[in-house]
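Trainee: The residues making up each chain are set out below.
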Amino acid sequence: MRKTIYISIVIICTALTVSVYHHWQRSRRTRLIICDVGQGDAILLVSHTTQILIDAGPASNHVSDCLAKQLSPFDHNLEVFVATHADADHIGGAQSVSESYTIENLILPFGGSDQASTAYDQLMAVSRSNIVNHSEVLASNDTILAPPFEMHFLWPSQNLPVGLYDDNQRSYVIEVQYHDEYMLFMGDADSTVMEQLIRSGALRTNYNYFVVPHHGSKNSASATFYATIKPMHAYISSGQNNPYGHPHPLVLQLLQRYHVPYTLTADVGDIVIDLDNQ
Amino acid sequence: MKKYLLIFIGLICLVIVRLLIFKEPWQDGDIISTRLLVSSEPSRKVVNGQTYATIWAYQNGRKIGLRLPYDQVVYGDSIQVQGKISLLQSNVGINHSWWLEPDTYTVHPSQTVLLPVSQARSYAIRQVNRALNPQHAAIVNGMVLGSKQSITPRLDQLMRETGTMHVLVASGFNIMLIVSLCLICLSFVPRRWSIVITLVIVLVYVLFVGIEGPIVRSAIMAGISLAAFLLGRPKHVLPLFLITILSMLLYRPIWVFDVGWQLSLAATAGLIWITPILLFGYNKIKEFIWQKPIKHQHLAANDIFESFDQVMFSTIAAQIAVFGIIILNFEYASIASILSNVLIAWLVPVITIVGMGGVITMWLNQLIGSLIFKLLVPILVLFTNILSLIANQNFYRLDLQSWDNYQVYQFYCLLIITVLIGHYMIYKDSQSNKTI
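First to last, the protein sequences are chains A and B. Its first residue numbered 1002, the first sequence is counted upward by one per residue in the numbering used here. Its first residue numbered 270, the second sequence is counted upward by one per residue in the numbering used here.
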């Protein structure tokens, strides 16, 4: 009996050590994670104790699973949380995020929301709660430093006429730099925004990682844009059998035409890219 | 024993009368106006991007479900509602509950003892959420507070795939734990008083986690056991078990058709009567292999958590007992569920005990409470890793759609006969040991 107890204790301790070591090892790596939140967007950037969340997906709470799986169980602090715009499939999960994580900097959607929505009201309630240390609205030319990441906001410009651009068109376009690697996240921006960005010269001519805007909607199918940014990898966050038909075949054709390999969260679940291993 | 027999016969008669006078008060499609008490935590569901609370309430023994916006209703509220009511049919074709589509409703915050209880419960859930990551918090909230509101979609899927959803409820184990802790802590108080205080604490805990089948059954069982102890009577598992079932059926006959209630009942019966047979067989095999007599373990139901063997066999026993009900209602059985239940069985008490300690400490000092929860993290990591590992394997899933009700009844008849033979063999074996 005593022998059985000793063997059990050894097995338990080994299992515990392996589990914790596995988590610890993973949390040490610098990673870009495109969370599988169904039909919506949630992107995580993690490096040691720096944890950045861009959008929180829909209200279905899928983002909590991604955070639980990808972040250290001992670190409940998000250095930056950007709500790119007011659509429910981007900010619906904000409340569930706020239940478990404190937010150092909350970046609220530019120009608020076009119409009253529960998701937006909940986000504003979160911004007023004591779990958020600081909240603000940013615009192009603003930069957030969250070492080792640099987040450059490329869109919308400070003087953008809010009434002429809808929620999607006011999405933040964010370029994130990690050493010599560049990533581009565009929320639900469409081809109008893409054209203006090209004209402004704010975009680089090459991006390592690119999350296709608006889940691959045909509104974001701009050949000139893909020819300009020449992404090395593209990622599409869309739900399986979603009613909108995302990603649109036109977008997939464009990616193929420009030889951009792409991955869908609907096919593989959470996409985890180890930025130190590239 | 004669007194027990009289109580049984009396209760059986009362249940039969209750079932005979049990008639549905509404017709399918009626428009009704009623007031419902939210007597357990509403479950959270997202429909078309909107978050709703699914509420199950009881009225005159009938189970009524309805859906309202999530942030408008909490445990303890009462709802004045008018709407169309329709009959729900279960997988086995028995009408046992109603669904209400509300046209108009007013939510009245609780004015009773449930208000402070509900507030205390919300506070505890919030604190657990802040101390642990979303999946870990959902596990602790489920096991300690019986709350499923913070369960995440992937954890939900994981637990369903591995057949372990039943561990995310406050159950008989929690009651057993509270009773033991109270009796130990109150050992300096006269026995009569310590038992009364314990009963009050059990009642408060039942209100705290929500008035649901498994916890109410366990509380009644604990209550009867403690009352028997108070009166200086010996404890009989079988009579207590039957009295519990009959008392509950007398209170809500509709529970006969409730799958959750059937599962918890079958699992408890499995723990009490199948575990000793499995342990007996296991010891006999060991004797046969090593060719020397093994010291027989004490096989009382109270001692099932004493050793790893007992934990393992009690888990398997519960799985065997619920097998038929699962086939009848879900039409499949998975080998993964037996494996996962055996592997996590020893983690559940640890998480429940430490989690309960953390929740109590949170009231006294948040920092210390939070530290206690941090101690749980490695165990919770291991818990989720075990389940993920099993879920990722393509275990053979027995498709038993062809089984009909008749075959399930045959399964249970066979099981009862096996259990009787098993217990007879244990009895004979103990007699022969005495003779030696």
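Since the hints were made in silico from the structure, they are not lab data. Some clues are possibly wrong.
[Claimed, not checked] Pairwise CB distance ranges (calculated):
| # | chain 1 | residue 1 | chain 2 | residue 2 | range |
| --- | --- | --- | --- | --- | --- |
| 1 | B | I301 | A | G1246 | 57 to 63 Å |
| 2 | B | K353 | A | N1131 | 25 to 31 Å |
| 3 | B | T323 | A | R1030 | 54 to 60 Å |
| 4 | A | A1117 | B | D372 | 20 to 26 Å |
| 5 | B | A389 | A | G1202 | 37 to 43 Å |
| 6 | B | L357 | A | E1151 | 39 to 45 Å |
| 7 | B | V376 | A | G1202 | 53 to 59 Å |
| 8 | B | L633 | A | G1246 | 54 to 60 Å |
| 9 | A | K1231 | B | Q319 | 57 to 63 Å |
| 10 | B | V316 | A | G1202 | 26 to 32 Å |
| 11 | B | K643 | A | A1117 | 55 to 61 Å |
| 12 | A | E1151 | B | A389 | 55 to 61 Å |
The beta-carbon is built from N, C-alpha and C at its ideal position, and this holds for glycine as well.
Trainee: Compare the structure with each hint and give your call.
Mentor: Tested hints:
Distance hint for I301/B and G1246/A: a CB-CB separation of about 42 Å, inconsistent with the stated range 57 to 63 Å. Distance hint check: the CB atoms of K353/B and N1131/A are about 43 Å apart, inconsistent with the given range 25 to 31 Å. Judged by the Cβ atoms, the range 54 to 60 Å given for T323/B and R1030/A is violated: they are separated by roughly 40 Å. At about 23 Å, the CB distance of A1117/A to D372/B agrees with the hint of 20 to 26 Å.
Distance hint check for A389/B and G1202/A: the Cβ-Cβ separation is about 59 Å, which falls outside the suggested range of 37 to 43 Å. Checked against the hint of 39 to 45 Å, the pair L357/B and E1151/A fails, with Cβ atoms roughly 56 Å apart. Judged by the Cβ atoms, the range 53 to 59 Å given for V376/B and G1202/A holds: they are separated by roughly 56 Å. In this structure the supplied range 54 to 60 Å holds for L633/B paired with G1246/A, their Cβ-Cβ distance being about 55 Å.
A beta carbon spacing of about 41 Å between K1231/A and Q319/B contradicts the range 57 to 63 Å that was offered as a hint. Remark: the range hint 26 to 32 Å for V316/B to G1202/A is contradicted by a beta-carbon distance near 45 Å. About 40 Å separates the C-beta atoms of K643/B and A1117/A, a value inconsistent with the hinted range of 55 to 61 Å. A beta carbon spacing of about 46 Å between E1151/A and A389/B contradicts the range 55 to 61 Å that was offered as a hint.
Consistency with the previously given hints fails for numbers 1, 2, 3, 5, 6, 9, 10, 11 and 12, ordered from lowest to highest.
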